[in-house]
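**Student:** The primary structure of each chain is shown beneath.
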Amino acid sequence: MAQVRARNADAFESLYDAYHRLVYGIALRVLADVPAAEDVTQSVFMKLWSAPDLYRSGNFPAWIARVARNRALDVLRGRSLRSESELPESVPEVDSLEDVAFARIDAATVRGALARLPEEQRDPIELGFFGGITHEEIARRSGIPLGTIKTRIRSGLRKLRDALDGAVTA
Amino acid sequence: MNRERHDAMLDDVAVYALGAASPADARRVREHLAQCDDCRAEYAALRPAVGLVATSAEACESGQNGPHASALIKARLMRAVRGDAARSASARGAAIVWPAYLVAAACIAIALGTTVANISGGVRLKTAEAQLQTMQADLDADARRLDESRTTIADLTGADAKRYPVANGTIVARGEHIYLAMHDMPAPPKGRVYQAWTLPKGAKAMAPSVTFVPDAKGVAVVALPQDARATSVVAISVEPDGGSKAPTTKPIAVATLN
Numbered sequence: 053m054a055q056v057r058a059r060n061a062d063a064f065e066s067l068y069d070a071y072h073r074l075v076y077g078i079a080l081r082v083l084a085d086v087p088a089a090e091d092v093t094q095s096v097f098m099k100l101w102s103a104p105d106l107y108r109s110g111n112f113p114a115w116i117a118r119v120a121r122n123r124a125l126d127v128l129r130g131r132s133l134r135s136e137s138e139l140p141e142s143v144p145e146v147d148s149l150e151d152v153a154f155a156r157i158d159a160a161t162v163r164g165a166l167a168r169l170p171e172e173q174r175d176p177i178e179l180g181f182f183g184g185i186t187h188e189e190i191a192r193r194s195g196i197p198l199g200t201i202k203t204r205i206r207s208g209l210r211k212l213r214d215a216l217d218g219a220v221t222a
Numbered sequence: 002m003n004r005e006r007h008d009a010m011l012d013d014v015a016v017y018a019l020g021a022a023s024p025a026d027a028r029r030v031r032e033h034l035a036q037c038d039d040c041r042a043e044y045a046a047l048r049p050a051v052g053l054v055a056t057s058a059e060a061c062e063s064g065q066n067g068p069h070a071s072a073l074i075k076a077r078l079m080r081a082v083r084g085d086a087a088r089s090a091s092a093r094g095a096a097i098v099w100p101a102y103l104v105a106a107a108c109i110a111i112a113l114g115t116t117v118a119n120i121s122g123g124v125r126l127k128t129a130e131a132q133l134q135t136m137q138a139d140l141d142a143d144a145r146r147l148d149e150s151r152t153t154i155a156d157l158t159g160a161d162a163k164r165y166p167v168a169n170g171t172i173v174a175r176g177e178h179i180y181l182a183m184h185d186m187p188a189p190p191k192g193r194v195y196q197a198w199t200l201p202k203g204a205k206a207m208a209p210s211v212t213f214v215p216d217a218k219g220v221a222v223v224a225l226p227q228d229a230r231a232t233s234v235v236a237i238s239v240e241p242d243g244g245s246k247a248p249t250t251k252p253i254a255v256a257t258l259n
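Residue numbers (the numbering used here), protein chains in the order written: chain R, 53 to 222; chain B, 2 to 259.
These are calculated hints, taken from the structure and not from any lab test. Note that the structure is a prediction, hence the values are computed from the model and not measured. For each residue, glycine too, the CB sits at the ideal point set by N, CA and C. Treat the hints with care, since some could be wrong.
[Said to hold, decoys possible] Cβ pair distances, simulated, as ranges:
1) B:Glu5 / R:Gly164: 30 to 40 Å
2) R:Asp105 / B:Ser233: 23 to 33 Å
3) B:Ala160 / R:Gly164: 38 to 48 Å
4) R:Pro87 / B:Arg80: 10 to 20 Å
5) R:Asp69 / B:Ala208: 50 to 60 Å
[Said to hold, decoys possible] Computed list of lysine to aspartate or glutamate pairs in EDC-like fashion (alpha-carbon distance at most 16 Å, straight line):
6) B:Lys75 / R:Glu90
7) B:Lys163 / B:Glu177
8) B:Lys202 / B:Glu177
9) R:Lys211 / R:Glu172
10) B:Lys163 / B:Asp228
11) R:Lys211 / R:Glu178
12) B:Lys218 / B:Asp185
13) B:Lys75 / R:Asp62
14) B:Lys75 / R:Glu65
15) B:Lys75 / R:Asp69
16) R:Lys99 / B:Asp85
17) R:Lys99 / B:Asp161
18) B:Lys75 / R:Asp91
19) B:Lys202 / B:Asp228
[Claimed, not checked] Per the computed footprint, the stretches of chain R lying under chain B, defined by three or more beta-carbons under 8 Å from a beta-carbon of chain B, are:
20) 57-64
21) 78-84
22) 89-95
23) 100-106
24) 113-122
25) 162-170
26) 188-202
Go ahead and model the full structure; you've got the sequences and the hints to work with.
**Tutor:** The following block contains the structure:
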């Protein structure tokens, strides 16, 4: 990122090559619309080039994933794109395992881990992350008590975390 | 906080980590995280799992999310990025990327110089040298204009430029430079022009700056010679052709620089 801040186009291209599938994939999953996902991808990377200081420090993949999700959700909600000040800041704490989640675990492995979650846990997690709706809305739509939804989200995330631990130590 | 409520808070922490908490709940969880070690540890434990959820969406190299779409996006992005990088380098006084016509002209000049060395006879040599000098002067003038254009573009598009919207355009200040970037401007009445005015910091009267007329589409991009760092106000008014020493009409645009 230091090279991108120094207006190095080659460094930016390397960054794009490394992360465009993550950004595009998140946008496509949220929007289910190829042209709209492409627009979000272009917008995220263009913003990264024009305002690289928005990323300050911490886990870059986690940061750009959150930027992609927020931009895609903004489009989904039909709102204008967030202003720079509303963009998520860098992940403040350094979590080596989170780095691993992005760096060493391939998407197919993760999709397998998600698929192995009980549906009652997977659905609220995917709805909450890619659907951009709150747990209250998930509970309202599904007719399941709010407390139950929250507990299922936590249990599901813990199982995913355990799967990550297994993948790292494997 | 009793045990039961604290367990419920751990569930809230999971929802917050996922990014599915309402703004009010998110605020409440953040405040709690600031003072509870157990919940901070739970948050740190669940964050990687949320990273996994994001990673699960990463596009494959084949199928619907295949490389074709990405290649188109990349081509568009890199065209813009490389152009911007070249302009930035030029604005910094770094290596200038010459456009094709300048490269061609330079090649002709070099070839001509080589040829000249082989020409016998003083008259032909002097003629060739004169042509070379004229060509070099033209090249220098083109290079200067190109450099100025690049600086202007870099200033107008720079992330650190300050932009002041006014009627029919924007007044842009970057470093010491001031620009009027105007659009949809009506043509001034016959015998009249637009004139820019600046108020130096600490001064009480506007000082005259350049006059200009927009093109047929109503567009005008004008660089003012005044130093933005020493200027507090920029204005535009309609004045008699040739300009005025003091505004004679009410300004159509005024921007206070800060």
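**Student:** The structure should be examined with respect to each hint, and the outcome stated for every one.
**Tutor:** Against the structure, the hints:
no.: 1; hint: B:Glu5 / R:Gly164: 30 to 40 Å; result: holds (36 Å)
no.: 2; hint: R:Asp105 / B:Ser233: 23 to 33 Å; result: holds (28 Å)
no.: 3; hint: B:Ala160 / R:Gly164: 38 to 48 Å; result: holds (42 Å)
no.: 4; hint: R:Pro87 / B:Arg80: 10 to 20 Å; result: holds (19 Å)
no.: 5; hint: R:Asp69 / B:Ala208: 50 to 60 Å; result: holds (52 Å)
no.: 6; hint: B:Lys75 / R:Glu90; result: holds (10 Å)
no.: 7; hint: B:Lys163 / B:Glu177; result: holds (11 Å)
no.: 8; hint: B:Lys202 / B:Glu177; result: holds (14 Å)
no.: 9; hint: R:Lys211 / R:Glu172; result: holds (13 Å)
no.: 10; hint: B:Lys163 / B:Asp228; result: holds (14 Å)
no.: 11; hint: R:Lys211 / R:Glu178; result: holds (14 Å)
no.: 12; hint: B:Lys218 / B:Asp185; result: holds (7 Å)
no.: 13; hint: B:Lys75 / R:Asp62; result: holds (12 Å)
no.: 14; hint: B:Lys75 / R:Glu65; result: holds (8 Å)
no.: 15; hint: B:Lys75 / R:Asp69; result: holds (9 Å)
no.: 16; hint: R:Lys99 / B:Asp85; result: holds (13 Å)
no.: 17; hint: R:Lys99 / B:Asp161; result: holds (14 Å)
no.: 18; hint: B:Lys75 / R:Asp91; result: holds (12 Å)
no.: 19; hint: B:Lys202 / B:Asp228; result: holds (10 Å)
no.: 20; hint: 57-64; result: holds (count 4)
no.: 21; hint: 78-84; result: holds (count 3)
no.: 22; hint: 89-95; result: holds (count 3)
no.: 23; hint: 100-106; result: holds (count 3)
no.: 24; hint: 113-122; result: holds (count 5)
no.: 25; hint: 162-170; result: holds (count 4)
no.: 26; hint: 188-202; result: holds (count 4)
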